[in-house]
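> Residue numbers (numbering that gives the first Met the number 0), protein chains in the order written: chain B, 0 to 392; chain R, 0 to 392.
Think of the hints as simulated: they come from the structure by calculation, not from any bench.
Computed, partial: chain B to chain R, Cβ under 10 Å:
1) F5
2) Y6
3) P177
4) V210
5) I244
6) I255
7) V258
From the three backbone atoms N, C-alpha and C, an ideal C-beta is built for every residue, glycine too.
Each chain is listed here by its residues.
2 protein chains.
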Amino acid sequence: MDNFNFYSPTEFVFGRGRENEAGELVKKHGGSKVLVHFGGGSAVRSGLLDRVTASLDKAGVPYVSLGGVKPNPRDTLVYEGIELCRKENVDFILCVGGGSVIDSAKAIAAGVVYDGDFWDFYSGKAVIEKAVPVATVLTIAAAGSEGSGDTVVTQESTGLKRGAGSNALRPRFSIMNPELTCTLPAFQTACGAADIMAHVFERYFTNTQEVEITDRLCEAVLCTMVKEAPRVIADPNNYEARANIMWAGTVAHTNIVGVGRSQDWNSHNIEHELSGLYDVAHGAGLAVIMPSWMEFVMPHNPMRFAQMATRVFGCAMNFENPEATAMEGIRCFRRFLKELGLPINFAELGAKEEDIPVLVEKLGLGDGRTGGFVQLSSEDVAQIYRIAARATV
Amino acid sequence: MDNFNFYSPTEFVFGRGRENEAGELVKKHGGSKVLVHFGGGSAVRSGLLDRVTASLDKAGVPYVSLGGVKPNPRDTLVYEGIELCRKENVDFILCVGGGSVIDSAKAIAAGVVYDGDFWDFYSGKAVIEKAVPVATVLTIAAAGSEGSGDTVVTQESTGLKRGAGSNALRPRFSIMNPELTCTLPAFQTACGAADIMAHVFERYFTNTQEVEITDRLCEAVLCTMVKEAPRVIADPNNYEARANIMWAGTVAHTNIVGVGRSQDWNSHNIEHELSGLYDVAHGAGLAVIMPSWMEFVMPHNPMRFAQMATRVFGCAMNFENPEATAMEGIRCFRRFLKELGLPINFAELGAKEEDIPVLVEKLGLGDGRTGGFVQLSSEDVAQIYRIAARATV
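If we strip away everything but chain B, and leave its shape as in the complex, we get:
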């Protein structure tokens, strides 16, 4: 096991009706002037935003609002948010939404207390050392941003989608009411499930030996998703299944399932170019890329894929031919994604095979290689895109 630090100081406030505690929680965590940050109409239409602001009013905490976050959140709104926070002396950002809203809020939080251009953090020019406190009211189980220090933002002028991270961005509290996710369209629900599973797989495929506890924790989240995701697609109002998925999504990304080991993250890197270029949902892009990446890298460690196949998808181990078990596990995963209603190839996603050179170019590896489970060259990435382009179940 590699040395590690694990730090997840977020107070998770989970269950029915908990959004009504938002105001008191902001006060408890030291906020005195709040930016309420949100996305499109659903938080407004459902009355959620009203409940949250009523809770702030009741607690006597003043606030300003900034809506309009889009999926794959843009730098343009972040600049607007930073300006607003400075003008209004905001000292706490409460976001109401999913991963895009939270990631946008984190970018604002870091940018407000930084003298330069906030994009420096995303382009790798600067490291986030401090930020205005962020807290969340989560409306979709997917990104895990409610329990992580990570953020991904898209630069509108270039389409570049880049990430940054810092413990300073870990939310002070996250309110998680599974009921809020019951009205999500099936496709968004399925995209969230793919994202959650991808966060685990990025940590599961490691070159570190003998990290049984983290392996088993990864498998715990994956087995939960295999059981619960089809249940919410079949019955969107199943509270118990929604609750299991929502908490699984957080556990998947605080990094408790990833400590003590090397991680991969190439599927995310490769997918980011897809959702950057076509503006497709991140989870849908992952459904196309992840099994294709698995097929490509499986020969690097067939036994690890056989372990996934048997422990997560219940495949029988083929002791004479572990590769066959490994491949069966990958097929199970792709079938599972397809049955959730997700795309599994370029055509279903709305991507084009002839754009592969553009995607590879945007990833910017050049003659270099990525890190991770298998170090990939530009040609390797192109091959993964080609597998993804034509995948079937």
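Given chain B, put chain R in place with the hints provided.
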């Protein structure tokens, strides 16, 4: 899933050599005058205490020391620690040791800032709302106190062993170097393993339905222990196995494997009277009590025990007779404990069957019942002690 709050703000600093960061970590977490609290000779003899105090010296953090914590930590030393902290204006307690040292430190931390008798917290007269910050350098994987807000102390004059808890007692940081546990005697190592598994089982046996994620996380820790505990008994210097067990011990008790569900804790309650009366190791007492408790309560929900048997111990499911699978799982657990070198009945523990009325009396249920998975009467508890007295594999 029940509504819940989950809050585990401890910074875990894990791996080889990390104890040398103690001084800088104390400074980072705001300590300016430290009480170094420890137990008997092993931390001194091994040179660990010197490395920790050298790290404090290097960071320029002054400290006073208080050693002498015994297993099942006593109130008498807590009073001494409170007096010392007040006299020396201590604002941070750094403990070096295992669960007993940490629990003693937490009692001191709560007592220093309380006007009354600290025992009020343990007798249920008062609730802990604030405490001096505590941090740990862990030397044994067992109690999970390095990641919890819980503390258990024994009142020397009465032999009463009682617990208290508060988020204010959650350590600010915990340094966890698995190498430090390699010199532990096999028996103490095994006792720690039993304690870790018990912390999971207390949460696993629930009456809340459909909490798949927490079930799976529980099973992740249990499967890890089933694999790794025999390896460290066979090879005490196996770093990887030690590391897996050490982190499993923390995961078992931050409560991440217990959220959203009713819990039990009767095995702990019943065991506390054993270690209170005979001053035996807590983990040894649990090895005797826990499988006996399982036998007694199994008819309440045989399928839950069958789930444990198949998922944790790899038993084949007997679909015609789930109770048979359930009993086989309990037998597997008791055999597993025995093979680790732990006692499984009163004689092996050094307890006496004729003391059962005294044990039941001390538990103090009277005509009432405990809460938990199955609500137990005094007679139920007596029956569990009788099963435990004569258990065999």
